Amino acid sequence: MIPRELKESLAQHIASIDHPRELVVDVMFAVQDHYGYLSDEAVEEVAELLDMSPLEVEQLATFYTFIYREPVGKYVIHVCDSVICWMEGHESLLDHLSGKLGINLGETTPDGMFSLLPVCCIGYCDRAPAILINKKVYGPLTIEKLDDILEKLRAEGLTPSI
Amino acid sequence: MPKIIIDDREIEVPEGTKVIEAAEQLGIMIPRFCYHPALGSVGACRVCAVKFLEGPFKGVQMSCMIDAKDGMIVSTNDEEAVEFRRNIIEWLMLNHPHDCPVCDEGGHCLLQDMTVSGGHGMRRYLGLKRTYRDQYLGPLVQHEMNRCIHCYRCSRFYQEFAGYFDLGVMQSANRTYFGRFKDGILESPFTGNLSDICPTGVYTDRPSRFFGRRWDYQRSPSLCINCSLGCHTTVSARYRQVVRQEARYSEAVNGYFICDRGRHGFHYARTETRPWQALIEGREVPTEGAVRAARERLAEIVSSGGPRSVACLGSGRSSLETQAMLGQLCQKKGWQGPSYFMDKSLTGKAKTAVSRLDPELAVSLRELEGSDAIVVVGADPINEAPMLALAMRQAQRRGGKIAVIDPRPIFLPFDFNHLPVRLDEINLYLSALVKAAVDPELIVDAGKDAIEFYQEAPSLEIVAASLQEKASILAQELRAGQRVVIVCGTQIVRETTPALAADHAKFLRAAKKQAGLFYLLPQANSFGAALLASSEVSFLEIIQGVEKGEIKGLIVAENDPFYSFHDRQRLELAIEKLDLLVVLDCIESTAVKKANVFLPTSTLYEAGGIFINQEGRVQAAPRAYLGGISIAQIGGGDHPPRVYGSDIPGGELRAAYQFLSQIGNGDQIEDDDPTRRSLLRWIADNIPPLAEIPPFDELSENGMRISSSNDTSPQFAVNWQEEKEKGKGSEGPLEIILTDWTFGTEELSSFSPPLMKLERKPYASMHTDDAARLGLGHGDKAKIKLDEGNLEVDVCIEENMASGVVILPRHRLLEWQKIKSLPKFVRFEEIEKVSG
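One line per chain: the protein sequences are A and B, in this order.
For the first sequence, counting from 1, position 73 maps to 73 in this note's numbering; every step adds exactly one.
For the second sequence, counting from 1, position 88 maps to 88 in this note's numbering; every step adds exactly one.
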């Protein structure tokens, strides 16, 4: 269940809009931020808030790359999967990531730290090959830079947040 | 109109015609998957590519996306286009499982046809195929996603065309998935159409799985008789049983689709409990003996009590032939009847609907799709005649505005405005809306009657305060509408409503609108019944006659009053009192069990027949197969089934009209044609609207719309004073309204095992205020005190319905026949909550 305050603020936002359906992606993000991913239950809650059928929400939820219908790791790595990054070494980057983390695209490390996902062109062709980690862009990347970033994030991730 | 040349042949087509359609008119079927005439073009599948040689477009283009224009020269067999299509097909086939030998679509699969005709025969792709998990979609449709080629027809039909949102398209790219959010029964009552429009075997007809290939079936055109719309179907039979029913295209009636009740409503013809053997006092006897017994015992009754001591009851589910044979017998023999309706009020309403259906006003279901404003009075489309709701949705999608004046909690798969009012208020509300929608200046030359009618009609002031805003918006929408259709039900409404609907349609026409009128009738052939019914005798009068001892013999042809009459106790006593009850039917029923003489009749599929739909369209269905007990039933799993004898088991069935003719006229029928021919002659001579009816096999594909309107029926004759008086005050008792549900109330389809799985448990609907006064909560069980005992039923509390009424479904699992009389009112004290 979405907490009452969140639900109320979303309902308020929805009520203030002429075409509430236009908010569906924003609502999905808000609910995803709460749960960490968009669970089945969350899809139904979003549908109820927007007076849509769960299927209608699911049609959008499963279409968009940044809506996660399964639990993801603490850091979600989106590897850009488009032409310029392909030209600039996307493949070796991906191989390295997979090998280092021990997971394939679409998977999460057993410790729940990293998820690896592809993403269509993110518009950082000038910084190719590029990746997104929790919405932050990194690039142009080399294997070494990538290792540094992963190390830093792992250390950060292991520090208990207060 | 643009002229276009396709494959060296010229054709002139209306502006806006797509090239794929123009080619079709020339007899050139360009391959297609996503394009469907009812759904339009989206250009998704790329398989309809052709080459444009001259004109505004050049090169390979999608023929479904381009309008035919002057000067276009198109080649469908240009090498480049052919190769393009071949590649597309190969690509669409990459992931296809090639499971044709075990696929139920195999043999009538568009994908098979297109693959072969597209020239893709050898598989080159040797990689892994994409696979999916299938879902459970309910008892009617089987899901097999691996076969999908992503044409989007299903989700476009389901959501855009039909207006339901629990099936659609999820994911993206190569993972694109068509299905539901979760496994579960599809919510739409039009789901069977998924099997029809899917170009491959993703959705197939579930109840008929594992029974045969399409080419194994005896396929023939037929009609749906599960409501009064008369949709066209194709029946498939095999091994002496109907296996499957599909939608058959009809320009005038149902278009490409049918509803699930119609599609799966045929099981009555093949249930194991169907009575196959003639009975005398419950004992199985040879058919001829039963006919003789009926004839002799009727003669005895007539000789002692005179011809008026025999009465005839028919029904709206019989063919015109059977209905007319009853009419002929009553005329010739002086028997009472024929009656086809349970009470005079219903007879009156049906007769009014028939006599007021001016040809100028009558609209077909397809014409209704083109209207820009629809007012529904006393009809519940999705429950009474689902395809009407689908047609109304098309009108709404094109910008049409829809108003519904009805006490029930109406659901429709589109946006509409509902004025939930009591039955006594319907007339007033209709009048007020129409009056407000008409420009007074336009009617000055409409004739004295129309002007007086306008002046006396109630205005929007009569509308309850809570509905004022809605009603004035509706009136404005109606005012803006040019093609306005009044849809009027005949089941729950007061006797005056059907005539008033016609008056208003006429009045709108006088006010320079292209007004139309569309009635719903209770059963498939209620129109024929209304033409033939005696206005003096309804079934209620027959019962009275029996009670008084005047009627001693009753012939019941294809009706089960124990299903349809509203006073069970009285009916039972009356049947006890009869000397002779002759029942002819094709379904198992209480009437069959109580009959002194029973004769098993053939169904529409085994005999064919003429039916007249609610808009007066005379349509004929030929025989689909010869009949007899199915091999599955005879064999009972035995293989091969052994029945010794050269006859078809159960093959002694005849059409009800043939038995009636034998009983009444003593005919020896060898062949059905002479009887049918002489019967049609009698119909032409005795029923003026049917004077021009052509022989059975000469009726055209779309039938023949007859003109049944009768100028002598009074028009614009409304007693507004009385109407206003009746419409006042709502503090009285609650009126019980008996209503139809999509599944579970219609007699024939209630025999269908797959549809039984879709039936809801019967419940009573009640307005929030009434329920609050009674202390009832949603889901509580209530005890309603009726004359013939208590009725216990779950309560469903609704906001969007009239207060002052209780809605009860005429459900096969509910003993609604305890209500005794119609209309029926109960006091608040007579309803109480059942605790526990």
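One should not assume that every hint holds.
[To be verified] Here are the simulated DSS-like pairs of lysine-lysine, each with C-alpha atoms no more than 30 Å apart in a straight line: (1) B:182 / A:7; (2) B:332 / B:577; (3) B:344 / B:724; (4) B:728 / B:333; (5) B:182 / A:74; (6) B:470 / B:728.
[Said to hold, decoys possible] Not the full set, but computed from the structure, chain A residues with beta-carbon under 7 Å of chain B: (7) 54; (8) 56; (9) 59; (10) 62; (11) 63; (12) 67; (13) 70.
In case anyone wonders, no lab produced these hints; they're calculated from the structure.
Just so it is clear, the structure is predicted and the values come from calculations on it, not from any experiment.
Even for Gly, the Cβ is constructed at its ideal location relative to N, Cα and C.
Quick rundown of the hints versus the structure:
1. B:182 / A:7: holds, 24 Å
2. B:332 / B:577: holds, 26 Å
3. B:344 / B:724: It holds: about 24 Å lies between the C-alpha atoms, which stays within 30 Å.
4. B:728 / B:333: Status violated; Cα separation ~48 Å.
5. B:182 / A:74: The given pair, whose Cα atoms are some 28 Å apart, holds under the 30 Å limit.
6. B:470 / B:728: holds, 20 Å
7. 54: Result: holds, 4 Å to nearest chain B Cβ.
8. 56: holds, 5 Å
9. 59: With Cβ-Cβ at 5 Å, under 7 Å, it holds.
10. 62: OK, holds: residue 62 of chain A within 7 Å of chain B, min 4 Å.
11. 63: holds, 5 Å
12. 67: violated, 12 Å
13. 70: violated, 13 Å
In this structure, the hints that do not hold are numbers 4, 12, 13, in rising order.
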